[in-house]
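A.B. asks: Assemble the complex: chain A is given as a structure, and chain B must be docked to it using the hints.
There are 2 protein chains.
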Amino acid sequence: MKLYDLTLSGNCYKVRLFAALAGIPLEIVPVDFLAGEHKRPPLIELNPWGEIPILVDGEVVLRDSQAILVYLARRYADEAWLPGDPAAMAEVVQWLSTAANEVQNGPGAARLVDKFGYDLDKADTLRRAARILPLIDARLADRDWLALDRPTIADCAVLPYVALAPEGGVALDDFPHIRAWIARVKALPGFVPMPGV
Amino acid sequence: MKLYDLTLSGNCYKVRLFAALAGIPLEIVPVDFLAGEHKRPPLIELNPWGEIPILVDGEVVLRDSQAILVYLARRYADEAWLPGDPAAMAEVVQWLSTAANEVQNGPGAARLVDKFGYDLDKADTLRRAARILPLIDARLADRDWLALDRPTIADCAVLPYVALAPEGGVALDDFPHIRAWIARVKALPGFVPMPGV
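As they're listed, the protein sequences go chains A and B. Last residue of the first sequence: number 197 in this note's numbering, and the count goes up by one each step with no gaps. Last residue of the second sequence: number 197 in this note's numbering, and the count goes up by one each step with no gaps.
Here chain A stands alone, though its shape is the one from the complex (with noise of 0.2 Å):
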């Protein structure tokens, strides 16, 4: 099972730290992003949005981090990483659409541009990161974990561009339980950092 991968990227760290936890095997192919790499055949025949990661399991194919996510839980990881059950799976997904709205949007964007210089509004980053920011720490005051009693994927979606916040000049200082939580992550059996994290 191969994981198209840059060192660097945020949502292709989402899927090494949950292989990581999960202990499932992946065969990591560095894509050269500098040199456009993902824009090109083969990779853009694999995923037409030009994006990484890319993961390719035989005839499966998937773009997009949280659906890798998804797809890695549901086929080789234990049932507690993603319940069937319907309303734990849901709370689940509430955080996988955070991870690819609000926190990707906001110190995801943020970090983009002051550390990759993308052309992006910056201002908007920052005001998206200081409304999501404080919703996240809010949510971690009374809990270890942000969607169940114990990790699951929507802590792998959510930390990788929360954790790189101060990249992007977003200061985690004023998030106590944010940086208790990230703490936890971090001591979990197989714990995998990425540069930043």
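These are computed hints drawn from the structure, not numbers from a lab. Watch out, some of these pointers could steer you wrong.
Note that identical chains are pooled: a pair holds if it fits in a single copy or bridges any two copies.
[Claimed, not checked] For lysine to aspartate or glutamate, the following DMTMM-like pairs were computed, each having C-alpha atoms within a straight-line distance of at most 25 Å:
| # | residue 1 | residue 2 |
| --- | --- | --- |
| 1 | LYS115 | GLU79 |
| 2 | LYS122 | ASP85 |
| 3 | LYS2 | ASP114 |
| 4 | LYS186 | ASP124 |
| 5 | LYS115 | ASP142 |
| 6 | LYS2 | GLU51 |
| 7 | LYS39 | ASP137 |
| 8 | LYS122 | ASP144 |
No experiment lies behind these values; they were computed from the predicted model shown.
C.D. replies: Just chain B now, kept in the frame of chain A:
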């Protein structure tokens, strides 16, 4: 089962649409959005994010339209709407992420500016719309439905803000496959419209 709802919200319409197609009865509770009812108790206690829709089903309380679709599909609908097979489920989830991010922040946000006067960067919303609509149109060039060979919650999640794109000044004239797909959804048994769709 209560849905806290706003008629003109595409996110609320995702839920009303799917419930109608799947034959799931909902008690619609209109929210006085202009008066900020969703920002005050009791609604803010149900959803600290201050957004609608909110679904309440006994002990289950869910924000996020994508998560609500997952809950309703897995608990009350035929398996076909969101299969348990990992690859098929992940294929659907890819489009839930697309609905939460690219569609919401592209055509969805363009409509917020034009129709409701939101103070957002209109040019940015148009750039995002100009990227995502061709990708969706291409996806539908040789298939009837977004994720699988039949309608799923992916179609219910993506359709509203794509079909409403003209209300944000984003024409669908150049996207014949999207227009044919919207027509197919409208022809499904049980389909319900919303203003603008």
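A.B. asks: Out of the numbered hints, which ones does the structure contradict?
C.D. replies: 1, 2, 3, 4, 5, 8
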